[in-house]
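Given only the sequences and the hints, what does the whole structure look like? Please build it.
Read off the chains here:
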Amino acid sequence: MEPVMEVRQVAKRYPGGRGVANMSMQVGKAEVWGLFGPNGAGKTTLLKILTGLCHADAGSVKLFGHDIKGDFASAMSRASCLIETADAYEYMSAERNLKLVARFYPGLPDGRIDEVLELVGLARDKRRKVSGYSLGMKQRLAIAAALLARPELIILDEPTNGLDIEGILWLRGLISRLAREEGTSFLISSHGIQEMEQVCTHGCIIAEGEIIRQGTVAELTHGGVSLEAAYIAAVNRPAKGERKRHA
Amino acid sequence: MPSYIANVRNEIDKLSAMRKIRLIVLLTAIVPVMAGLLLGSLNGQTGISFIGAGGAAGLPLLMLDLLVLFWLPPVLFMTAAELFAGEKSTRTMKLVLTKPIARSAVYASKLTAIAALCLLLLGEVWLIAWLTELFTGMGGGSSALGVLHSLGVYAAAFVPMMVLALIAAFVVQWFGSGTGAFLILLFFYLAGKLLPLVYPSTSGWNVFAQTDWYRLWLGNLPSLKHAMTLFMFLLAHGIMSYAAGWYRFEKQSF
Chain A
1 MEPVMEVRQV
11 AKRYPGGRGV
21 ANMSMQVGKA
31 EVWGLFGPNG
41 AGKTTLLKIL
51 TGLCHADAGS
61 VKLFGHDIKG
71 DFASAMSRAS
81 CLIETADAYE
91 YMSAERNLKL
101 VARFYPGLPD
111 GRIDEVLELV
121 GLARDKRRKV
131 SGYSLGMKQR
141 LAIAAALLAR
151 PELIILDEPT
161 NGLDIEGILW
171 LRGLISRLAR
181 EEGTSFLISS
191 HGIQEMEQVC
201 THGCIIAEGE
211 IIRQGTVAEL
221 THGGVSLEAA
231 YIAAVNRPAK
241 GERKRHA
Chain B
1 MPSYIANVRN
11 EIDKLSAMRK
21 IRLIVLLTAI
31 VPVMAGLLLG
41 SLNGQTGISF
51 IGAGGAAGLP
61 LLMLDLLVLF
71 WLPPVLFMTA
81 AELFAGEKST
91 RTMKLVLTKP
101 IARSAVYASK
111 LTAIAALCLL
121 LLGEVWLIAW
131 LTELFTGMGG
141 GSSALGVLHS
151 LGVYAAAFVP
161 MMVLALIAAF
171 VVQWFGSGTG
181 AFLILLFFYL
191 AGKLLPLVYP
201 STSGWNVFAQ
211 TDWYRLWLGN
221 LPSLKHAMTL
231 FMFLLAHGIM
241 SYAAGWYRFE
251 KQSF
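Order-wise, the sequence lines are chains A and B.
Position one of the first sequence corresponds to residue 1 (full-length UniProt numbering), numbered consecutively onward.
Position one of the second sequence corresponds to residue 1 (full-length UniProt numbering), numbered consecutively onward.
One thing to keep in mind: the hints can contain errors.
A few chain B residues that don't get close to chain A, going by computed Cβ distances all over 12 Å [claimed, not checked]: (1) 153; (2) 200; (3) 217; (4) 254.
Keeping only pairs whose Cα atoms sit at most 20 Å apart, straight-line, the calculated PhoX-like set for lysine-lysine is [stated by the list, open to error]: (5) B:88 <-> B:20; (6) B:20 <-> A:69; (7) B:20 <-> A:129.
What follows is a set of in silico ranges between Cβ atoms, one per label pair, in the way DEER data are often shown [to be verified]: (8) B:69 <-> A:11: 34 to 40 Å; (9) B:186 <-> A:210: 45 to 51 Å; (10) B:16 <-> A:176: 39 to 45 Å.
Keep in mind that the hints were calculated from the coordinates and are not lab data.
Backbone N, C-alpha and C fix where the C-beta goes; we use that ideal spot for every residue, glycine too.
Okay, here's the thing in structure tokens:
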């Protein structure tokens with residue numbers, strides 16, 4: 001079966017020296033991938049490359065078989081994302097914000113906007129301007145926008161930011177349900193490794209701009225230790241320079 | 001193409017939801033009425049015909065001169081700054097860039113929305129100036145230009161205004177905030193307008209000095225060679241600005 005997302009040898013170097021290198025991974029249908037790593041490890045850079053917000057210096061990214069460099073519109077037609085912060089046009093209502101999103105997906109049924117607003121718990125506030133929303137409400141709106149077109153791949157960067165405990169539990173349940181019932185694939189970057197462990201089928205650990213470990217959760221944890229312990233063991237390896245010296 | 005059209009509608013929706021754009025549209029409607037009433041009363045009190053029948057060129061042309069010199073350029077600069085640099089600073093640019101639409105179509109659709117605003121303001125001023133002239137009895141709408149002729153001159157004014165918008169869209173690509181981009185554009189525009197006063201020879205290559213291109217169409221038969229030369233000059237600036245702005249937009253990280 002063709003992978004939903006295929007990343008090959010992606011590299012991006014910023015002038016300050018930071019960036020990512022040699023990143024390769026594949027996400028299959030209905031898989032929930034967690035992307036873990038310390039601050040500045042390159043998680044958001046990778047997600048921005050995957051969604052076309054920045055261009056890789058080398059390598060290729062294919063979504064549903066379409067290269068994002070050559071055919072971006074087709075690549076993103078079945079994918080959606082929430083990158084970095086939950087932003088929206090603050091001078092518009094939630095409903096109007098979603099109408100702007102809906103225009104890119106002509107086949108959406110009538111009532112889908114109300115359906116997702118209901119799903120994220122914003123139905124009562126749908127006509128209020130977003131400028132009056134709390135951080136959690138903005139996060140819910142961004143999640144609603146990501147869910148609107150029933151995408152087959154959803155890329156989320158710190159999706160629990162601003163959500164209360166109830167909201168985090170709700171999101172966790174939603175991710176599991178969509179993956180199980182609708183076959184939606186997820187790539188989620190998060191610092192909340194314990195909560196992610198409960199929904200992820202796969203994990204990818206990044207440090208210093210490189211993927212240091214990836215695989216199913218069982219492979220990462222060796223069937224015993226927690227994902228958090230596996231993560232700490234992986235990122236606390238000797239630094240790159242030291243690793244070379246040891247080698 | 002469908003995604004381009006979708007985003008043109010989105011950009012127009014966004015502009016129409018912005019309070020400052022609504023205020024601009026309102027002020028643009030009020031000024032011709034106020035000017036018409038003021039100049040009409042001066043006609044009556046002094047006996048000198050400033051506008052209307054027998055006047056120099058009528059209210060629509062007077063308003064067009066003011067619009068093109070003082071009002072439309074800053075409005076277009078502000079809109080371009082808002083739709084590009086402004087959306088970068090509010091991080092809302094990524095909302096459209098992560099949708100199934102090519103960046104080239106995003107760039108084109110934003111400029112189409114700016115063009116639509118420019119046409120709206122030109123059309124609004126033309127219609128209100130003409131109606132003001134008609135209803136205040138200042139020549140009964142028979143200004144020196146005539147209705148269709150004045151409409152044609154307004155259409156001609158769209159060309160240099162759109163070139164300014166394309167230049168603005170190119171310049172704002174280097175800015176991360178709408179305000180900074182707007183101020184620098186305003187500075188360039190004022191410098192471009194004032195430069196020929198100090199160095200008259202600069203008006204030959206200075207695109208800002210050619211924004212009154214529509215004045216060539218005031219006579220019945222403009223010099224075709226002169227009109228074409230200036231049109232090609234404006235077109236060349238427009239094409240270069242569009243290509244350079246688009247290239248920069250394509251290469252940026254958000």
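>> Can you confirm whether the C-alpha distance between residue 20 of chain B and residue 69 of chain A stays at or below 20 Å?
In response: Violated. Residue 20 of chain B to residue 69 of chain A sits at ~37 Å, over the 20 Å cutoff.
> Taken at face value, is the distance from the CA of residue 129 of chain A to the CA of residue 20 of chain B at most 20 Å?
Replying inline: holds, 16 Å
> Do residue 186 of chain B and residue 210 of chain A keep their Cβ atoms within the hinted range of 45 to 51 Å?
Replying inline: Roughly 47 Å apart at Cβ, these two residues keep to the hinted range, so it holds.
>> Would the non-interface assignment of residue 217 of chain B survive a Cβ cutoff of 12 Å against chain A?
In response: Holds, because the least Cβ-Cβ distance between residue 217 of chain B and chain A comes to about 38 Å, which exceeds 12 Å.
> Taking C-beta pairs only, is residue 254 of chain B more than 12 Å away from all of chain A?
Replying inline: violated, 5 Å
> Can the suggested window of 34 to 40 Å be confirmed for the beta-carbon pair residue 69 of chain B and residue 11 of chain A?
Replying inline: violated, 51 Å
> Is 39 to 45 Å right for how far apart the beta carbons of residue 16 of chain B and residue 176 of chain A are?
Replying inline: Given a distance of about 41 Å, which is inside 39 to 45 Å, the answer is holds.
> Taking the closest pair, is the beta carbon of residue 200 of chain B still more than 12 Å from chain A?
Replying inline: holds, 44 Å
> Does the alpha-carbon distance linking residue 88 of chain B and residue 20 of chain B stay inside the 20 Å limit?
Replying inline: holds, 19 Å
> Can we confirm that no CB of chain A comes within 12 Å of the CB of residue 153 of chain B?
Replying inline: holds, 35 Å
In this structure, the hints that do not hold are numbers 4, 6 and 8, in rising order.
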